[in-house]
Amino acid sequence: MKTLSTFILLLFSNFLIAQHSTSLTKAELLDSLLQESHRRGIFNGNALVAENGKVIYHRAVGQADASGNKPLNTEARFNIGSVSKEFDGTGIMILKEEGRLSLDDRLSAFFPQLPEWADAISVKNLLQYSSGIPNPDYNNVRTDAEVWQYLKGLRELKFDPGSEYVYNNTNVFLRKRIIEKVSGMSYAAFVETRMLRPCGMRNTVIDPSEETPRFTRSFDEAFVQDDLDTYMSGWIATTTEDLFKWVKCLNSGKLISSESLAELSESLNPSVQSPLGHSVYDKGNLQIRYHHGQSDNFEALMAWIPDPGYTIILLTNNRCNELGDHINAIDAILRGNEFQIPKRSIELSLRAKIFHEGYDSGIDFLKEIRKNQSDIFNFEQEEEELLETGEWLLQMDRQEEGMKIFEYTAARFPNSVRAYLELAKAHEDAGHDQMALKNYRKVQELEPENELAAEKLQQLE
-12 MKTLSTFILL LFSNFLIAQH STSLTKAELL DSLLQESHRR GIFNGNALVA ENGKVIYHRA
48 VGQADASGNK PLNTEARFNI GSVSKEFDGT GIMILKEEGR LSLDDRLSAF FPQLPEWADA
108 ISVKNLLQYS SGIPNPDYNN VRTDAEVWQY LKGLRELKFD PGSEYVYNNT NVFLRKRIIE
168 KVSGMSYAAF VETRMLRPCG MRNTVIDPSE ETPRFTRSFD EAFVQDDLDT YMSGWIATTT
228 EDLFKWVKCL NSGKLISSES LAELSESLNP SVQSPLGHSV YDKGNLQIRY HHGQSDNFEA
288 LMAWIPDPGY TIILLTNNRC NELGDHINAI DAILRGNEFQ IPKRSIELSL RAKIFHEGYD
348 SGIDFLKEIR KNQSDIFNFE QEEEELLETG EWLLQMDRQE EGMKIFEYTA ARFPNSVRAY
408 LELAKAHEDA GHDQMALKNY RKVQELEPEN ELAAEKLQQL E
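-12 is the number of the first residue of the sequence shown in the numbering used here; add one for each residue after it.
Please keep in mind that the hints were generated in silico from the structure rather than gathered at the bench. Every clue listed holds true.
Derived pair list, reagent style PhoX-like, types lysine-lysine, alpha-carbon separation capped at 25 Å: (1) Lys330 with Lys13; (2) Lys232 with Lys41; (3) Lys41 with Lys13; (4) Lys111 with Lys145; (5) Lys41 with Lys235; (6) Lys270 with Lys235; (7) Lys354 with Lys391; (8) Lys83 with Lys168; (9) Lys241 with Lys111; (10) Lys145 with Lys412; (11) Lys83 with Lys241; (12) Lys13 with Lys235; (13) Lys83 with Lys235; (14) Lys429 with Lys391; (15) Lys391 with Lys412; (16) Lys391 with Lys425.
Build out the structure end to end from the sequences listed, making use of the hints.
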């Protein structure tokens, strides 16, 4: 899968290949892009594109659920995943501007029941994902009560607060709980009264359920619908139009000052995220702010480009991993440049095939698309996507199939250190010490300076 930062490297590039007709309007070109993407199986969702605050394209493409009988419309609500973090981040800054908290306040000041490590963590550390709180096992730690239990039982931090970056939702959970503690309101009520209403966001809901009107359901490449899992609270479902209102409202100074907005966009270093996602500056001037979110097969990507004034919002309930490439193409269309229609991720298609039909069917599928559909499927990052497929299968307790994918990857890419390393770790976790040793030795052969391999060989030999 491409990293989300890949598209920013291409955003202002002319290295795009599908020339468009000058006789078509921008809206017609945008529609042709998304319709062809839908035909290729890489976009099922809603898109909104605006220039200088004016919507020039707003369209729904595809289905609202896995039944295939419920077409999307532009009022459909989508889970926006991590884009929701903009709201708790903004909430913290609202309370800061009101003098009700400081970014230097310690976590222990709000929650003295937490262990001693809470004395070392500031609110700013939580905003910048630099608290040092390690990721829990999210298979077993999901609800608010379970997160509290995990935190109260945590003995030590992973690193000194402020020294490193680990992107996890426990920081977000604590930001929401601080808002509740300081405001005296539930997080949902605070967001509703202090953000949604002032911004005119009437179609946004917090923690949607199956009964929520116009709420889409996510599904995978095999059209198998995801369950609505119970998870820690405070996640948002919204529409493309409401997200456009959010972008305008946030940038207008209506909620927080421009100084607070700039402070909120500060990340620990330029390559990592803040609560607003990624903000890219050149000589002090903001070039683009973009934010990606994902939850099950929901996926969202927003991009705001101040100069020349573009806002691009893409929401899907059938994750494609190619939204960044779509924004490249949309940006090119808006600038009058040539554009390229994105290709389809092999990872999502392959893992769905294996999960529902088995490993052999998955490999047969992979060979067939490599031979006959390379014009539609993207094989540029095959090694990485194969390995991510294997990792996902392990997470889904499909251990045997996950290890087979690692073996297949190692055979196809015999110099892949990561393939042998993942295979070694999988065998070690399964208690296959001899197979783990064999693969750690291969890692050391390919990369003699690999410290993990050296450490594991010393432990296992």
